[in-house]
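From just these sequences and the hints, can you work out the full model?
Going by numbering that gives the first Met the number 0, 65 is the number at position 66 of the sequence shown; the sequence numbering is gapless.
Because the hints were derived from the structure by calculation, they are not lab data. All figures in this text were calculated on a predicted structure; none of them were measured in a lab. Mixed in with the good hints there might be a few duds.
[Said to hold, decoys possible] DSBU-like mimics (lysine-lysine), calculated; alpha carbons at most 35 Å apart, straight line:
no., residue 1, residue 2
1, LYS57, LYS23
2, LYS96, LYS23
3, LYS23, LYS49
4, LYS74, LYS96
5, LYS23, LYS79
6, LYS49, LYS96
7, LYS96, LYS57
8, LYS74, LYS23
9, LYS74, LYS57
10, LYS49, LYS74
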Amino acid sequence: MAQRFIKKGEFAFDVFLSHASEDKDDVARPLALALQEHGLSVWYDEFELKIGDNLVAKLNAGINGSRFGIIVLSKAFFAKQWTIHELNMLEHLWVMKNHIIFPVWHNITLEEIRAFRAWLANIIGLNTDTYTVMEIAAEIHEAIQELLMQ
0 MAQRFIKKGE FAFDVFLSHA SEDKDDVARP LALALQEHGL SVWYDEFELK IGDNLVAKLN
60 AGINGSRFGI IVLSKAFFAK QWTIHELNML EHLWVMKNHI IFPVWHNITL EEIRAFRAWL
120 ANIIGLNTDT YTVMEIAAEI HEAIQELLMQ
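See the structure below:
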């Protein structure tokens, strides 16, 4: 894989958090808050979207303005148009610009992920069946710190 060149000042956010609304209470909101506690700036819909906003424009700006992507993979995630739009954009950045994606598996199996998008099954993720949201946030924070020091 090509070496990743990450400039510290070129992004408005450290991470873009993509998730299905069904996973908001159990994973997405607690993860966004935990990442903030670790000092990361998080593009999360509840933090960034306001009445009257153009949803597509805000999502696109959030994804393009974030250093890393986090995707909460679940059955609900794969069933929604908005999350698929976000995934498609993150996938494009992953392929074209070596953008890094951190998958979080939530109530989903490797086989289900592979059936939907095989390339996602090849990225090491953390599973909410094994890790708490706080542990996931700490792991993501540590990975980002290591990447920024390269």
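Tested hints:
| no. | hint | verdict |
| --- | --- | --- |
| 1 | LYS57 / LYS23 | 19 Å, holds |
| 2 | LYS96 / LYS23 | 28 Å, holds |
| 3 | LYS23 / LYS49 | 17 Å, holds |
| 4 | LYS74 / LYS96 | 28 Å, holds |
| 5 | LYS23 / LYS79 | 14 Å, holds |
| 6 | LYS49 / LYS96 | 29 Å, holds |
| 7 | LYS96 / LYS57 | 20 Å, holds |
| 8 | LYS74 / LYS23 | 13 Å, holds |
| 9 | LYS74 / LYS57 | 24 Å, holds |
| 10 | LYS49 / LYS74 | 27 Å, holds |
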